[in-house]
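Working from the sequences, and respecting the hints, build out all of it.
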Amino acid sequence: MLTESRLLDLLLHHSIVYAAFQSRCCTLHCKTQYSTIYNPDEKVIKTCQKMGIKSVAVHSDVDASAVHVKMADEAVCVGPAPTSKSYLNMDAIMDAIRSTGAQAVHPGYGFLSENKEFAKRLAAEGVTFIGPDTHAIMAMGDKIESKLIAKAAKVNTIPGFDGVVETADDAVKIAQQIGYPVMIKASAGGGGKGMRIAWNDEETREGFRFSSQEAASSFGDDRLLIEKYIDNPRHIEIQVLADKHGNALWLNERECSIQRRNQKVVEEAPSTFLDSVTRRAMGEQAVQLAKAVQYSSAGTVEFLVDSKKNFYFLEMNTRLQVEHPITECITGLDLVEQMIRVAKGYKLLHKQEDIPINGWAIESRVYAEDPYKSFGLPSIGRLSQYQEPLNLSNVRVDSGIQEGSDISIYYDPMISKLVTYGATRAEALSKMEDALDNYVIRGVTHNIPLLREIITHPRFISGDISTNFLPEVYPDGFKGHQLEVGNRRELLASAAALYITAQLRSQKVLECTHWELCAELGEGLYSMEVTKSGNVYIVEVDGGKVEVSGQWNLASTLLPLTINGTDRMLQCLSRDASGQIVLQYLGTSFKVRVLSKLAAELNSYMPEKVAEDTSSILRSPMPGSVVAVSVKPGDTVAEGQEICVIEAMKMQNSLTAAKQAKVKKVHCKPGETVGEGDLLVELE
Amino acid sequence: PAHPALARPPLAIGSNLCVSFPPERIDMKRKAALVGGGQKRIDAQHKRGKLTARERVELLLDPESFVESDMFVEHRCSDFGMEQDRNKFPGDSVVTGRGRINGRLVYVFSQDFTVFGGSLSGAHAQKICKIMDQAMTVGAPVIGLNDSGGARIQEGVESLAGYADIFLRNVLASGVVPQISLIMGPCAGGAVYSPALTDFTFMVKDTSYLFITGPDVVKSVTNEDVTQEELGGAKTHTTVSGVAHHAFENDVDALLNMREFFNFLPLSNQDPSPIRACHDPSDRLVTSLDTIVPFETTKAYDMLDIIHAIVDERDFFEIMPSYAKNIVVGFARMNGRTVGIVGNQPKVASGCLDINSSVKGARFVRFCDAFNIPIITFVDVPGFLPGTAQEYGGIIRHGAKLLYAFAEATVPKITIITRKAYGGAYDVMSSKHLRGDVNYAWPSAEVAVMGAKGAVQIIFRGKENQAEAEAEYVEKFANPFPAAVRGFVDDIIEPATTRKKICRDLEVLASKKQVNPWKKHANIPL
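Sequences listed follow chains A and B, in order. Using UniProt numbering, the first residue of the first sequence is number 1, and each one after it goes up by one. Using UniProt numbering, the first residue of the second sequence is number 1, and each one after it goes up by one.
Mixed in with the good hints, there may be bad ones.
[Claimed, not checked] Below 27 Å or equal to it, Euclidean Cα-Cα: the simulated DSSO-like pairs (lysine-lysine) are:
| id | chain 1 | residue 1 | chain 2 | residue 2 |
| --- | --- | --- | --- | --- |
| 1 | B | 299 | A | 70 |
| 2 | B | 299 | B | 40 |
| 3 | B | 500 | A | 609 |
| 4 | B | 500 | A | 70 |
Hints were generated in silico from the structure; no laboratory data involved. A quick note: this is a predicted structure, and the numbers were derived from the prediction, not measured.
Spelled out as structure tokens, the structure:
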């Protein structure tokens with residue numbers, strides 16, 4: 001459950017890169033032969049450049065001007081936008097390898113990176129696959145087999161009784177063997193039915209009884225299983241690196257517990273939770289597993305860790321992972337470089353004792369998605385403005401996009417991996433705050449509000465996290481930063497100062513230094529008195545006084561301000577003639593409407609516009625394509641009944657009726673592409 | 001002795017006449033003028049979600065800048081009991097005067113719906129004419145805030161004469177000072193022609209209507225059932241008829257937007273296009289433009305993306321954003337100076353020119369030319385829209401309007417061909433041949449008579465290998481060179497440098513002087 005989905009979900013960019021080893025490449029001593037590398041982002045190309053290797057990028061036709069395509073020495077188009085016709089099209093990719101004479105392929109994170117068939121075909125043509133051998137991919141690709149191999153290699157697996165439990169006494173015996181807490185669940189179960197957690201013998205008996213009853217009534221099958229219950233599990237993984245000569249290293253852990261819908265959002269290395277004993281134990285088991293499958297190249301062994309620091313093998317990823325940069329940060333190793341060396345048959349350069357933990361690294365996955373909808377539904381658009389926070393030190397951004405790039409419905413919506421590094425965790429976190437505040441993304445909805453809330457949340461800061469962090473902290477869904485009085489004053493004062501700056505610029509004659517203004521923010525209405533002296537605005541608002549100063553550049557996307565002596569980076573997202581100012585403040589964007597006192601008074605006469613009745617119309621919540629339409633005009637639908645299914649970025653979303661009604665009109669057909677807010681179906 | 005009748009009147013009487021009028025009475029009249037039709041009607045006005053005539057003026061103008069004229073004017077009608085005191089309101093049904101918007105002079109009239117439903121009396125018209133005459137004398141724009149039930153029926157022909165007096169002044173002022181109409185309530189019958197004659201007509205959603213005849217008359221004449229909103233609401237006029245140039249949410253929103261809009265305009269045809277302090281570097285490279293034009297020539301992109309990225313601070317005041325969307329027009333600034341932007345919109349109907357887009361473009365270009373506003377044209381046009389609907393509708397004479405407008409314009413004209421510039425539409429879109437000052441092509445530009453497919457079908461009719469021929473044609477013509485080698489474009493530029501180049505060119509062209517041959521007036525194909 002907690003694993004990343006395999007092929008498509010984690011691909012970073014819509015691109016796949018090959019790089020070609022060149023004859024003169026001294027590191028690899030290849031003579032007049034090419035070799036190809038295959039990867040989804042510019043990282044691999046950068047490393048190749050560093051190593052003197054020529055690279056070939058493959059791309060779909062919509063990615064023809066993507067960053068990796070420009071960076072690579074050669075580029076080959078492998079087909080149209082849908083991944084099945086391009087990045088997953090092995091024939092086209094094999095042709096590309098042949099036509100460029102590439103010698104090796106780096107498979108990147110997604111697409112074909114763990115596809116054994118692809119690895120086989122490469123082997124058949126004598127092309128090096130920069131990754132583990134086929135048999136390791138196969139062994140680890142199968143859940144049951146990998147668990148058996150792990151068990152045999154003395155790696156902790158989730159303890160459980162594989163047979164059917166007969167009686168309550170049996171259940172207690174088994175539970176005692178496994179160790180509490182345990183989970184009793186229906187053999188035929190699913191969806192939480194027939195599941196009980198027991199912390200002692202008594203609860204086990206009770207649970208056995210209830211569960212078997214529930215199982216019998218729900219599934220007509222009262223057989224039960226018992227396995228170890230992992231309370232508040234953390235997802236912690238160990239990076240391993242192995243060569244073809246039987247040597248393997250563990251490169252410490254990555255804490256990846258912050259997830260939504262089983263996809264990682266924020267990762268860090270090291271974990272606040274592990275002590276050196278546990279770390280070593282996990283590392284050694286990971287290495288044992290790697291050796292057991294004669295693993296070579298970089299790989300990741302994923303564990304679940306419970307609150308008592310017991311850890312259990314989950315699965316092994318036989319590729320480079322999206323979050324690998326944080327390991328690079330704390331160990332100083334370039335994993336891509338190591339992979340290429342290993343693929344070429346070199347022995348590992350390092351010994352286990354050479355692998356340090358230097359400082360702390362945090363990675364935030366910046367997605368083009370709306371965090372206000374189930375912690376992130378995909379959004380699309382053109383990056384009208386895009387500026388990475390590279391002006392800051394100790395910040396690394398791995399992305400494959402640039403200003404002007406299109407985020408399309410065809411691929412994963414990840415914009416970048418934002419990594420910050422510090423000597424301590426606090427330093428890395430504070431750097432991450434700055435980096436998120438300085439990150440300019442316009443044209444698509446993004447998840448920076450959520451990321452910034454996570455990394456500043458007291459529970460996260462104290463390290464009290466688990467894979468349930470998001471649903472636990474935001475049980476009613478994410479609502480953006482909640483302003484306290486002080487912050488609200490700062491926000492209102494900043495908006496007022498910006499408003500006056502813009503007003504003053506338009507004025508030819510009038511010179512004024514005192515203003516009475518009104519601001520609307522959410523449901524609230526605030527009156528403000530503003531005085532200006534030089535570049536400083538003194539704003540009295542909401543029972544407090546705020547001093548705001550700054551450079552007041554009205555063209556700049558970033559708005560560096562000093563508010564009551566504290567430096568704050570705000571962003572002005574938009575500003576219009578009717579006084580509406582949208583500011584990004586503490587990661588979240590807030591709409592403030594600033595009006596003169598007179599305008600505010602007169603505005604009270606303005607009627608509320610009646611919003612359209614949304615229960616009788618169904619609009620697409622996101623851009624995507626229509627997979628199925630389950631109704632036709634004249635049908636009567638019940639409340640909650642599925643009306644149609646929209647697929648966006650590999651996710652299928654079922655749209656349901658908000659009320660019981662007759663279908664009036666259907667505006668979409670299966671296969672059609674729809675935009676966000678497009679009318680799909682009208683009800684009566 | 002003189003005849004007693006000729007005797008001078010006693011001095012005493014004369015001195016009595018010199019005694020000043022009691023100040024209380026002046027005050028009283030002023031106070032009466034300030035409340036228009038009275039508190040009850042003001043409340044009713046507010047209840048409709050509308051502001052009063054005075055509130056509107058106050059919000060539109062800078063604080064305390066309004067100088068009112070003709071506050072004491074009353075109507076002169078004596079029929080139907082109109083002569084009674086209770087039917088006289090100082091100032092009658094319109095508030096007029098002058099004031100400033102961001103310190104710049106403007107003349108304003110604001111019809112007062114609380115007095116006889118804002119109906120137009122002879123006196124009302126006279127007040128409007130007075131400030132229009134003054135505006136012409138000093139060279140300042142006129143903004144009309146319309147909220148009137150129509151003619152003052154009691155006055156009959158005097159009211160009609162009043163309309164005509166205003167129409168005449170609208171026409172005479174046209175091209176001399178900018179005229180803006182903001183429709184903030186009903187505006188029906190003959191009254192609609194004043195807004196129609198002004199340069200820009202803006203409306204307020206849900207509370208403003210413009211029509212020649214209302215729904216009742218429509219029903220009785222044509223038996224059509226139609227609501228006020230459908231017949232002449234803001235949505236109708238901004239999307240279907242093209243009568244209005246923009247619609248705003250409510251009175252406050254509209255008036256605040258008017259202030260912003262006013263900033264773009266010169267005060268008169270003697271004024272250069274205004275300059276505002278610019279925080280956006282004029283040499284800013286816009287790298288996102290390098291990838292905006294898709295490789296497939298059939299694929300659309302949003303011309304607004306290009307415009308927003310190039311102009312100062314992404315600040316673009318679009319005119320008629322919901323009408324004839326295949327052409328985009330509006331005001332922006334380059335390095336602080338107001339410019340008019342015209343662009344084909346590939347996202348809508350491939351950006352072709354048709355009747356509506358030609359007329360929309362032509363009117364905008366002529367406004368810019370009349371008021372010294374440089375015109376920047378972005379071209380991606382596959383041609384004129386074919387079909388009977390267009391031909392029967394007169395695309396020939398309507399398309400000619402845009403051609404005429406660009407050709408006649410003597411303001412600085414800069415043109416950027418981003419992709420297609422096909423056929424006659426290429427000529428029309430501010431081409432070099434129509435006295436374009438600077439004409440650029442992006443590397444993705446293709447200036448040709450038509451697209452490759454169509455051309456090949458004609459040139460190689462009946463030939464076997466059409467695909468090969470097409471490839472040859474693309475190689476030869478689907479690029480900027482054929483135009484560049486003939487000097488029809490001055491340069492092929494990297495898209496990223498477009499802003500920088502335009503700003504630099506505008507500097508140079510600021511002193512452009514070009515005069516058309518003397519004529520009484522030109523004869524645009526109306």
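Hint check:
1. B:299 - A:70: Satisfied, since the Cα-Cα distance of roughly 22 Å is no more than 27 Å.
2. B:299 - B:40: Violated, at roughly 59 Å.
3. B:500 - A:609: 43 Å, violated
4. B:500 - A:70: 24 Å, holds
Checked against the numbered hints above, the structure breaks hints 2 and 3 and satisfies the rest.
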